[in-house]
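Starting from the known structure of chain A, fit chain B onto it as the hints suggest.
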Amino acid sequence: MLSMRGIHKSFDGTQALRGVDFSAERGEVHAIVGENGAGKSTLMKILSGAIARNAGEILLDGVAADVSTPLTAHRLGIRAVYQEFSLVPHLTVAENILLGQMPSARVPGCVDWTKAYRRAEEILRSIGFVGIDVRRAVRHLSVSHQQMVEIAKAVAVRPRILILDEPSAVLSQEELNRLFALVRQLRQERTLILYISHRLDEVFEIADRITVLKDGQLVGTVQPQIADQNQLIRMMVGRSLGEIFPSRQPPLDDVALEVTALGRAGSFSDISFSLRRGEVLGMSGLVGSGRTQVARCIFGAEPFDSGELFVNGKPIHPRSPREAVKEGIALLTEDRKRDGLVLICTIRDNASMASFERLSRWGVINRRAQETEVQQKVKELDIRPPLLDRLARQLSGGNQQKLVLAKWLMTQARVLILDEPTRGVDVATKVEIYQLISDLAADGIGILLISSELPEILGLSDRALVMREGRVVGEYARAEASEEKLLAAAAGVRQ
Amino acid sequence: MTSGSAPTPSTPVKARGGLHALLLGKAGARLRRRWVDYAFIVAFVLLLVITATVSDVFFTQRNLSNLGRQAVTNGVLSLGMLVVILTGGIDLSVGSVVALAAIMVSGMSKGGMPLVLAILICLVVGVAAGAVNGFFIARFKLQPFIVTLATMGAIRGLVFVYSDIPITPTDPAFRAVLGAGFIGPFPVSALIMLACYPIVWFFLNRAKSGRAIVAIGGNEEAVRLAGISITGHILLAYMISGLFSALAGVMLASRLGIAQPSVGSGFELDAIAACVIGGAVLGGGGGSVFGTLAGVVALGMIDNLLNLFNVQSYYQQIFKGVIILVAVLWRRKQ
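Quick mapping for you: the protein sequence lines, in order, are chains A and B. Under my numbering, the letters of the first sequence match residues 37 to 531, in that order. Under my numbering, the letters of the second sequence match residues 3 to 336, in that order.
In isolation and in its complexed conformation, chain A is listed as follows (with noise of 0.2 Å):
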C-alpha cells in the first residue's frame, strides 16, 4: 500500500537519510527503530509533510502522493503524533481534538460547546482514553495526558496511516495498555500503523514486522516471531551489545541520604528511605505516582509540607535548588529540553552552569578552570562532537543527556537523583549511561534512580523501591526483585 523509493534527506550537508526504500501495508502494525541520528523520524516527517525530501517517490496504492506539505498529507489520511507536541495548551481538551472543525451553533460564526465536549468525549470513550476532562485546558494535563489527546486528535479523523514517534516515553504501563489496545483496532480498521520507538519489548509486543534504520540506511525488515532482541541490536548498532548492565560493587555502610516521614499534601506522604554511599536504589512506579514530585522536594524545587531530611547525617531543609546544590545534591531532571539544558547555550556554559560559583572569584569565571574540567567530562562521557562551543541544541538525544549528566558530575555532588536517565536516547548511549551509573556508585556517590523502565531498575539496582498514589508500598532487595512483584506493587495487586 505505501511504498517509499530512493528517499534522500540532507541537513546543511549532512545525509539523514541515504536511499531508503521502505513499504508497508494496510493492516498492519510496522515498527521503525534505530539509534538516535539512524533516520526514523526524519524518514516519518517526510511520509507526513514535515519536511520535504530530496530525492525519492513515495506511492500510495500504486499512485504518485503529494506529502509536500503536512495539509496535502493530511487529505491522504496520514497522520502523525511526534515527540514535540503539537498542542494549544491554552485551549481545552476538546477544542485541540477538534482543532478546525469545531461544531458551529446556529448563530453563525459561534460555536455550539455542548456539542463539542460530547463530540470530544465520544471520540476519547471511543480509543479506551477515559478519564481526561474535555474541558480542561491542556497546560494544566500531566505529560502522559497530553500525549494521550496528542494520539486522540490524530486518531480522531481515522486516518489511513498513523505515524507514532514514540509515543511511549511519557506513558506508564497501564495508559501504554490502553494504547495498545487501541493501535490493536486500528490494525482491525485496516489502519497502517508506523510505530517508531526504543523500547524493544515493546516494539516486540505490538509490531507485526519490524524495520530497523542505521545511518540513514534501511538494514532490514524482520518478522518478530523469527527474531530475537539481540538479532534486533546487532541489526542496530552493528555489533552485539553483550552483557547490557555491569557489574555491581556491594554499597558501603555510611548513609548518604536519610529521608523521613515526607509529605507534601496532595502529592506524596510519609516517604521513608535512605540511601547509602554507592548505593544505587531504584524508585519504580506508575507515572503519576509522585515519584518525580519526591525527588524534586528532596532537591528543594518544591517545597515539603513534612519530614526531614539528612545529607551525610546532617539535617537539612532546602528551600531552593541552589541550597540542595550546595549540600551536595543534585537531580538530573526527566525532561533534558524543558529544563536540564538551555538549547541556545554552549556545551561549556551547559557543563559548568551548576558549577559557576566554584569555578569563579570576584565573580569572575576562570576560564581555563572551566575548559580543562568541561573537557575533561567531554571526554569522560564522549560527548560528541567534543567541541566546547557547540549549542546544546546542534547535539543529538543521547549526547544532550551526557551533557546534563556532565553538569551534574562537575558539582562533585555526593547524592545524584536521576529521573528517568535513560529517556528518549538510542540503545548504545543507554549502555554507556548504564557503566556510568555503576562507575558514579563505585566512587562512592549515592544514586536514586527513578525510572519507568524496569529492566532498567533491576539491571542497576541494589535495592529498589515502589512507589503508588504518593505512598511507598513496596521495597526490595537487589536478589528478590522481579518485574511482576515491581509491576504488581506499582499497579496495586495483591500478591
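Worth double-checking, as some hints may not be accurate.
As the list claims (entries may be wrong) - So these bits of chain B aren't anywhere near chain A, every CB distance computed over 10 Å:
| hint | residue |
| --- | --- |
| 1 | Leu48 |
| 2 | Ala133 |
| 3 | Val134 |
| 4 | Met154 |
| 5 | Ile194 |
| 6 | Val202 |
| 7 | Ala209 |
| 8 | Leu227 |
| 9 | Ile230 |
| 10 | Ser231 |
| 11 | Ser290 |
| 12 | Leu310 |
| 13 | Phe311 |
| 14 | Val328 |
Unchecked claim - Rough simulated footprint, nothing fancy, chain B against chain A, three-plus residues with beta-carbon under 8 Å:
| hint | region |
| --- | --- |
| 15 | 360-371 |
| 16 | 374-380 |
| 17 | 396-408 |
The hints are simulated quantities; they were obtained by calculation from the structure and are not laboratory data. A virtual CB, placed ideally from N, CA and C, is assigned to each residue, including glycine.
Positioned in the frame of chain A, the structure of chain B alone reads:
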C-alpha cells in the same frame, strides 16, 4: 525545538582545498554562521558609507563628532536594554529614567551641589528605578512589558513633579567636559559610551552573573534547577538597565545644556531597535554586544544622513521602521 532540526552536522565534505574547503569545512560552518550574523549589518553600514560619500559634509570631522555625540544616548541605553532582552524581558521605562536623570542632574547642579555628587546620585536613582522594575518582575513573576509600561508612566510623572519646566544646569564644566569636551579628535561622551561596550561584553561573557543572565533567557527553569538564583539575576539585569538609562540621561543633559521634563520619550524604541538589528532575540535566546553597537551606529547614521539631506523627521521615522522590519525579516530567513 519546534523545527525539524538536523542531527549534529558532522559536515562530510570532499577536500577541494582553498576557499571552498574553508567555507564548506567544519570551521567554515562556524564562519558561515558568523558571516550570516553580521552580513546584514556589514552590508548596511557599507550602503550607508556609500550614501555618505554622496554628501560632501558627511566625512567632515565636525559632522562625524556630531554623529558620535548624538549616538551616545542610544548607545548607552541599548546596552542596558540588551542585558534585559537577554533575560527574556524588555524595559520600556528607559526613556522616563533618562528624563529623570537629566532633570535631576540639572536641578541639583543648579542648586549648587557638586557635579560629581549630583551625577552619582542620579546613577543611584537610575539603579533604584531598575530595582523597582526588577523586583516586581522577578519576585511576583509579572510580565516585564506590563511592569515597565507602568513604571514608564509613573517615572515620567515623577519627572514632572520634580520640575514641569526645563532646567538649565549652571555648572559650566558639566557642558564643557561631558557634553562638548574632546580628547584629541574624539568627543568625551562618545569615548565613555564606547568604553561601556567592552565592559558589558566582559560581564556577559566572562562573569558568573553575566553567563547566568544569558542562560536565563534561554531556559529559566533549567538555570533555576542548576542552583542559580533567578530572582537575583533578573533584578540585576533591570538594575543594569536603570544604571545605563541614568547615565544616558546625564550625558544627554550635558550635551543639550538643558533638561526638558518631556525628554526621552520614545527612546526605548530606538534602543530595542538597535538590539534587534544587532541580532538580539526578543523573549530571550541570544544577542550580541558588538552587534548592538553596530545597530546603534546604523541607526545613528540613518538619522545623521537624513538630516544632512534635509529629510523631514517624519520620513526619518518611516525609514527607520522599514529598516527594522527588513533587519528582522533578514534574520528570519535563516
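Verification of the hints:
1. Leu48: holds, 28 Å
2. Ala133: Fine: 19 Å to the nearest Cβ keeps alanine 133 of chain B off the interface.
3. Val134: Its Cβ never comes within 10 Å of chain A, the nearest being 23 Å, so this holds.
4. Met154: The claim stands: methionine 154 of chain B keeps its Cβ more than 10 Å from every Cβ of chain A (closest is about 28 Å).
5. Ile194: holds, 23 Å
6. Val202: holds, 14 Å
7. Ala209: violated, 5 Å
8. Leu227: The claim breaks: leucine 227 of chain B does not keep its Cβ more than 10 Å from every Cβ of chain A (closest is about 5 Å).
9. Ile230: Nearest chain A Cβ is 7 Å from isoleucine 230 of chain B, so the label is violated.
10. Ser231: Violated: least Cβ distance 6 Å, not greater than 10 Å.
11. Ser290: For serine 290 of chain B, whose nearest Cβ neighbour in chain A is about 12 Å away, the distance exceeds 10 Å, so it holds.
12. Leu310: holds, 40 Å
13. Phe311: Holds: least Cβ distance 40 Å, greater than 10 Å.
14. Val328: Its Cβ never comes within 10 Å of chain A, the nearest being 24 Å, so this holds.
15. 360-371: As far as the region 360-371 of chain A goes, the hint holds, because 5 residues have Cβ atoms under 8 Å from chain B.
16. 374-380: holds (count 7)
17. 396-408: Satisfied; 5 residues make the cut.
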